[in-house]
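Trainee: Using the sequences provided together with the hints, build the complete structure.
Here the sequence shown is numbered in my numbering, starting from 1361 and rising by one per residue.
A portion of the hints provided could be inaccurate.
What the hints assert, rightly or not - Cβ-Cβ distance ranges computed for the label pairs, FRET-style:
(1) R1632 - V1936: 35 to 45 Å
(2) R2060 - R1464: 28 to 38 Å
(3) N1866 - R1677: 50 to 60 Å
(4) N1866 - E1904: 25 to 35 Å
(5) Q1461 - P2083: 21 to 31 Å
(6) E1453 - T1686: 43 to 53 Å
(7) Y1830 - Q1665: 26 to 36 Å
(8) Q1455 - F1555: 46 to 56 Å
(9) Q1665 - K1991: 39 to 49 Å
(10) L1714 - G1997: 57 to 67 Å
Derived by calculation from the structure, the hints in this document are not laboratory data.
Think of the CB as a built atom: it goes at the ideal place given N, C-alpha and C, for glycine as much as any other residue.
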Amino acid sequence: MEADLPEPDLHTETLDITGMTCASCANFVQKSLSRTPGVRRALVNYATEKATVDYLPGEATPATMKAAVESAGYGVMERAPASTAAEREAQTEQQQARAYQQLRRRFGVAVGLTLLIMPLSMLMLWPMLVHVNEQWLNYGLLLLTLPVLLYSGREFYVAAWKALRHGTATMDTLITVGTGAAFLYSLAATVAPGFFHRQGLMPEVYYDTTATIIALILLGKVLEQRAKTRTSAAMRALLGLQAKTARRLNPDGTETDVPIEQLREGDVLSVRPGEKVPTDGLILDGRSTLDEAMLTGESLPVEKQPGDQVFGATLNRTGAFRFRATRVGEGTVLAQIVKLVEDAQGSRAPIQRLADRVSAVFVPVVIGLAVLTFIAWLLLGPAETRLPLALVNFVAVLIIACPCALGLATPTAIMVGTGKGAEHGVLIRSAEALEKAYQVDTVLLDKTGTITQGEFSVTDFVAPDQNAPYLLALAAAVERLSEHPLAAAVLRYAEAQAAERLPATNFQATAGQGAAATVAGQPVLIGNRRLLAEAGITLPANLETTAAQLAQQAKTVLYLAVAGEAVALLALADTVRPTSAAAIARLQAQGIEVLLLTGDHPQAAAAVAAQVGITRYFAEVLPADKAGKVKELQAEGRRVAVVGDGINDAPALAQADVGLAIGAGTDVAMAAAGITLMRSDLQGVVTAIALSRRTMQVIRQNLFFAFVYNALGIPIAAGVLYPAFGILLSPMLAAAAMALSSVSVLSNSLRLRTFRA
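Mentor: Structure below.
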């Protein structure tokens, strides 16, 4: 079943958190927010640097939440009240750009000085080649290292101190303790070398280690920030689709270009060929074809005419038209899509819980392991190098174990996956829905509007060849005055056949039977058999036989009678979508059982099931009983997805492990579903499940790499290979490996950008 919705009186606030450097930071901020009075739930996403908070307005406010974050030692980026998605994204981009430039400057200083420190440190390795005063050289190295610590590495130490004040530990703690230990040891060796000589130790310095570790960690941060920016590319692409201005019609008939922020519902706007539609609305006059791929993922243009709906950010290909704005600003379909993607990227998948539990205790455990490593080397290491080796391995364990990769493993893949889904017209409401779609083994499809087109069409017109065009014109003349859905289908068919338009008078409709009128001076009836029977009209044998055959195909038959004689019949059916059979076959090929669930009679269900290759179906199921069928399948141990489009599907969509709502359906259906398909096409179901499986595969790979990296890296850094092979891991290599682990996880997540449906 889908995740429980928030309580009705809960409000949701999204905060942009600043100052986080790892998953442990995110966990600490989350705990601080969760303890705030009035907050019912808080989720903090390290990859997006956002906190999503459900709270009771009477007990908590954005100000108290901000205070909770700041009391934990982090910050909240201020936003303008009621800012739009585009404004929020612009502010985020500006903040990221500033942070990235500052990060690059810190990295540049660290690299520049490290490139001086490294060769100078090596001078003491070749005393026969270069004669230097060791003490003066150490003081020189100290002066070069200080800017690396105090400027380039300053934020690590400040963040570690804040964490310590609040009784917690983060990645910054590991970096601070590791580099701080190396630096303080080197400082002591520089200012008091005599103490080391009296202990029988060489006063070795590790300024090169300290500077290189900071430079390499900053390199990893620079690469990480670049990659994180790329993971939100889908969001920026969606916002970039929006038109910047609109052409508004004034009362005097003139036109004025205005920013889209100034649009109001009811404004009349004009769109020319090649322009983007500025907002959602209904066409008043004009015809055109629009490219709606940004909404539906469908590459074929859609024809539009007066009365049709248009959507903001879609591209007008051919004709010009005028339309009335019905939704503007945050109410447009594009804005709602952006909001869904934002929410999904900020949510947390169940698979993330393991990483959260590990990262919550990871740093204290690593510090404990580092201390044990130091003690073990101090007690068991070679007598002449015990203290230096204990220090080096202590630092290596601390540096290699930073938990950044764990914190990035799941959210970065979710960010790219949900963004990619939006590109394909698959809107994923939450990370949980994405994960559950991966587990689906049974798909229940509603019939009407899901497998079928959702509207009736004429499939057969049986009439004498020589009179067929005239008889069709008579039928259309009567139906033109009717509001029945079957009448609309007859009219569409007549227009497609270019039938003559005849006037009709004396129209009279009979509920549940049909209609009658006078056309061209003749009484004309069109309806079911009961209508003809009550008029005393009998059916010829040939029409009766044909009607029986069509009824067996689950088609609705309308009879046409002219001047008291039955002369023709029309068969209508809700036709199957052209892509339904292929989509169902693709699902079945993936080992997913596809079932049909409908309220129609068994004959109609069997006919549709046979057309699309479904072998098992449930017919005559009342709307209230659909959720019960889902429960029955779940009781068998199945993971069930339900696909529907109507109000009657909402209970089943909510009961399912994953609900998928066809985008052309009702708002109620979409609200109950975890995934919305913007295109009325079952290929979207295939795409959603395929994307879920690909995303979960990447997440599992990321978590595997992160766990294995630490499982292997920490023992090697502690020196387990030294007794057998004499191998020790340099702290500088440990820093490089730590930076590489985060970048590799991000790069693996970015592979999702190549996903194809």
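Trainee: Evaluate each hint against the coordinates.
Mentor: Status of each hint after checking the structure:
Under the hint 35 to 45 Å, the C-beta atoms of R1632 and V1936, about 38 Å apart, fit the expected range. Checking the proposed 28 to 38 Å range against R2060 and R1464 shows it holds: the Cβ atoms sit about 33 Å from each other. For the pair N1866 and R1677, the supplied restraint of 50 to 60 Å is violated, since their beta-carbon distance comes to about 45 Å. With their beta carbons about 28 Å apart, N1866 and E1904 fall inside the hinted range of 25 to 35 Å.
Taken as a hint, the range 21 to 31 Å is violated for the pair Q1461 and P2083, whose Cβ atoms sit roughly 47 Å apart. Under the hint 43 to 53 Å, the C-beta atoms of E1453 and T1686, about 30 Å apart, miss the expected range. Range check, Y1830 to Q1665: Cβ separation about 28 Å, and the 26 to 36 Å hint holds. Under the hint 46 to 56 Å, the C-beta atoms of Q1455 and F1555, about 48 Å apart, fit the expected range.
Separation of Q1665 from K1991 is about 44 Å and conforms to the stated range, judged on CB atoms against 39 to 49 Å. One distance hint, 57 to 67 Å for the beta-carbon pair L1714 and G1997, is violated here, with the actual separation near 23 Å.
Of the numbered hints given earlier, the model fails hints 3, 5, 6 and 10; all others are met.
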